[in-house]
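J.: Sequence:
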Amino acid sequence: MPLQDEPASWPVTATRDIHRDDWVVAFREDTVQRPGHPEDTFSRLIVEHPGAVMAMAVDEDERVCCIRQYRHASQHVFVELPAGLRDAAGEDPVETAKRELREEVELEATEWRHLLTTYPTAGISNEMHFLYLARGLSPAGRGDFAMLHEEAEIEIVWVPMGELLDAVLAGRVQEAPVAASVMAYDILKRRGEL
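In our numbering, each number is its position in the sequence shown, counted from 1, plus 627.
In case anyone wonders, no lab produced these hints; they're calculated from the structure. All clues given are correct.
Label-pair ranges, simulated between beta-carbon atoms:
hint: 1; residue 1: V704; residue 2: F772; range: 18 to 26 Å
hint: 2; residue 1: P665; residue 2: P787; range: 56 to 64 Å
hint: 3; residue 1: F705; residue 2: A767; range: 17 to 25 Å
hint: 4; residue 1: E666; residue 2: F705; range: 41 to 49 Å
hint: 5; residue 1: T744; residue 2: E666; range: 35 to 43 Å
hint: 6; residue 1: M628; residue 2: L815; range: 22 to 30 Å
hint: 7; residue 1: P665; residue 2: S765; range: 56 to 64 Å
hint: 8; residue 1: F772; residue 2: D649; range: 15 to 23 Å
hint: 9; residue 1: R818; residue 2: E718; range: 29 to 37 Å
hint: 10; residue 1: V784; residue 2: D714; range: 22 to 30 Å
This structure is a prediction, so every number in the text was calculated from the model and none was measured. Quick reminder that beta carbons are idealized off the backbone N, C-alpha and C, glycines included.
Sequences and hints are given; from them, build the entire structure.
T.: Shown next, in the form of structure tokens:
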């Protein structure tokens, strides 16, 4: 059998919502039982999250369209990729990536390739990241999407791929989806798969 992650679910004997509102993210506490050991129960805190998509848009000069965005929880302005929550029910992740690319940086792409799907914090959240490569870029309108709050302050920067990879490896760019996307791109390029 090939090396792979496997779905599993241990028995949950109790669940308590700590926070739940109309926004897409919730916080709960589960009491979990170790299989075959009813005396062995323990609590786990879980952030419920619908997942997110990231679009690494690369132009013909091997420059990546990045954004600089403030993230209050981490108290940083991060170098990121255009991204967004999977908050439209039933929407395919690549369609969400296309929408986010238009809304955040006013671009569209003719070529899309799935790079990776990851669980960034599997120990505390069910959040999944769907990372895509976008090529064949051209300007596109953002439609009726309004840039609010932190998004209203987004700065768009075009970074040469090699410079971005160097910044990730040196620890100057630390946002996980950027690091994973850039390294996946570099590996696929070296293998001749891009």
